[in-house]
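Undergrad: Once you have looked at the hints, place chain L on chain E.
Heads up: the sequence lines are chains E and L, in that order. Using my numbering, you'd call the opening residue of the first sequence number 7 and step up by one each time. Using my numbering, you'd call the opening residue of the second sequence number 833 and step up by one each time.
Since the hints were derived computationally from the structure, they do not count as laboratory data. A portion of the hints provided could be inaccurate.
In silico contact screen, one side only, chain E against chain L (beta carbon under 8 Å); selected entries [claimed, not checked]:
1. Val53
2. Ser185
3. Phe289
Pairs of lysine-lysine, DSS-like flavour, derived with a Cα cap of 27 Å [what the hints assert, rightly or not]:
4. E:Lys189 x E:Lys271
5. E:Lys164 x E:Lys189
6. E:Lys297 x E:Lys271
7. L:Lys1022 x E:Lys294
8. E:Lys271 x L:Lys1022
9. E:Lys283 x E:Lys164
10. E:Lys189 x E:Lys294
11. E:Lys271 x E:Lys283
12. L:Lys989 x E:Lys164
Where a beta carbon is used, it is the ideal one built from N, C-alpha and C, also for glycine.
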Amino acid sequence: MKGGVDSMVCLRIAGTALVALSLGTSAYAQGQGRRFERHFTVQGKPVVTVQNATGRIQVRAWDKQEVMIVGQRGSTNVEVDTEQVGNRIEIATRVLSENANPDALRADYDISVPAESELQVRSDSGNVTVDSVHGDMSFDTVAADLELQDVEGYLVVKSIGGSTVCTRCSGRLDATSISGNFKLLQPTMANVRVQTSSGNILFDGSFMNRGIYVLKNYSGTIEVRFSSTDSFDVRATSLYGNVINQAPVVPDRHNMPAPRSGLAKSLFGTMNDGRAKVELSSFNGTIKISKRE
Amino acid sequence: MSPTQCAQFERMLEEQPDGPLTAEASAHMKGCTDCRALWSDMEAIHTAAMEWGGREPEPPEYLWSALRRQLESEGLIRDVPRENSERSWLAGWFGAAPRWALAGASISLLLIAAMLASYQKNEPNAAAPLPMRMSISVPRPKLVASDLGKALDGDLKQVFDSLPEGNTVLTSSLRENLGIVDNLIAVCEKSVREQPDDRMARDYLYGAYQQKAVLLATAMDRSALEGR
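Pulled out of the complex, with its shape left as it was, chain L reads as follows:
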């Protein structure tokens, strides 16, 4: 499959996230494993967003604006004319109802999940036998983790601020472990920068980001439940 066709397919997804696939796009997807996997991921994220959206509180408006600016600056989305509101692009992306409500922290988790899924998908199959001396070019995932890390940091601050004040042990433990995970991420990032082709180093880096996502999920969980 040509990269141009794949790029067109991705652009179509971005511009018409909840629209039906064109005949051309469907034909391309049938023959392109990567685009089929991308479509499958988007559907999975869509489903998860719909499920989560039903029980998450409405996030503040500024969070949407900040998230949009961040994703635009990272080139993950393009600026398209907005007719309704700040959040229409994202609501459209996931194809949700107008009153689509999803906390920023949940979005970060989704992004982490998508990133990890994409990372796994791009990894060569370790078990597959490779001919000796064969030169292969494996598409390496972009190191977008640091950008997502910034999104996570913002979400974590919000979630931590909403933790119950009375439970100081909970709050201090979460903060302490956040420091540990951030330190791990820094060490792993250094390792990946020094050895960009080392798969094990990359595995550890993404594992560290997973830990941060787990921490965020736990903090969200406690923040929602403790006050009951």
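Extracted from the complex, chain E is given alone in its bound form:
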């Protein structure tokens, strides 16, 4: 009798395992069906544009003269269109049916490009990561966060709520956001303009000779970190907030214009020879000029 019960239990376990295996295989097959891979041979400096409303976009430089796109669609409710016209590669996610849950409308991309590629990325939500690409690039995002690493070129970032972290970026940066934060870590950039309304801005790097750095927000904190060898003129103004300064500045030697407000808390001064120009302004946020540890 006991042997009969054991057999029943074994049968049930085997049945359950079979069903699970069958479901898993089916899901795997579906996933494989939604995976795609495309290759485009290019020459010189290609321009790669990506339009993807929802999902992850990861772009990496590699040493081949080829653009490779590997991706995964969230469902059959989205389609991926790719096109090559000479050295221009266009990638776009197209929504076929709006009647699906948000996850079903996403597409994730891993894109490998030649190092000198130019990028134009447009995304609403989902992270965008770019690594080691040395061409001009522009980003137009709503809620997507942006992570740039070891990139070089003229970088233009326009975001609504997404934050940006730029690590070891070179070249020039123009960035605006409404509520996004900006972190510039170890930048080697001679021209930086960053504006966010309610986000924080951190600039942690050296100010280059003849560099111009304009950082502005309404609320939140603007922090710049300097080293003792940095050489800059600084003009920091917060209309209703505070300016906290640790830099050993001397009175401004270069006749920078006075603030256009009698209310504002301001700091004007020069550190070392004042080779770079640093303008920090906030409506009611705090501005910190801190010594790097």
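TA: Relative to chain E, chain L alone:
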């Protein structure tokens, strides 16, 4: 230049927006920097409207009526006899073809652009050296921003309603940031009311309105593209 001549020039522009300038108006414009700048702005807006008009969808009729009522109530336009339709005044203003199509949201952007241009134009040149103790009277721009804000609010609601339903992250982010910008505008307006002569406070207020225009432009962009 006398203010009366300038007022006549503006009235002529309003009544005959796409007509040629009279000899008198041309002569006045040659000698008047402000009116020349106004003419230049109108031409720029005209060009932008023509460019945008070609690719914008036809706005609903009620939007034209509402916009017209609003601009009349603000004194930005006068009630002139209309022979054809509700929209003829605006079509005439920009000198466009009868089938002139421009979304209300785009008009708000144009108004914001014109307002900002006018604001910049009226600002004294910060870099210009001024003699000490010299008393100067600088024409301060009218604070029409709040009125434009109302126009923007109406447009934003329409645009937000047309955003794709499936992309909830997009919609909630835009709404959340709209709240942030509206809050900034309120704080900046308070600051300008308390310190009307503080240029920096005014700079921030207009910057906040620019942010709202950017938000509207982004929402329009997404609303047009997401459904493709």
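Undergrad: It remains to establish, for every hint, whether it holds in the given structure.
TA: Against the structure, the hints:
1. Val53: violated, 19 Å
2. Ser185: Where the cut-off is 8 Å and the nearest Cβ of chain L is about 5 Å from E:Ser185, the hint holds.
3. Phe289: holds, 5 Å
4. E:Lys189 x E:Lys271: holds, 24 Å
5. E:Lys164 x E:Lys189: holds, 15 Å
6. E:Lys297 x E:Lys271: Roughly 20 Å separates the two Cα atoms, so the pair holds.
7. L:Lys1022 x E:Lys294: holds, 26 Å
8. E:Lys271 x L:Lys1022: Holds, at about 19 Å.
9. E:Lys283 x E:Lys164: Holds, at roughly 24 Å.
10. E:Lys189 x E:Lys294: Holds. E:Lys189 to E:Lys294 sits at ~14 Å (cutoff 27 Å).
11. E:Lys271 x E:Lys283: Holds, at about 19 Å.
12. L:Lys989 x E:Lys164: Roughly 22 Å between the alpha carbons, so the hint for L:Lys989 and E:Lys164 holds.
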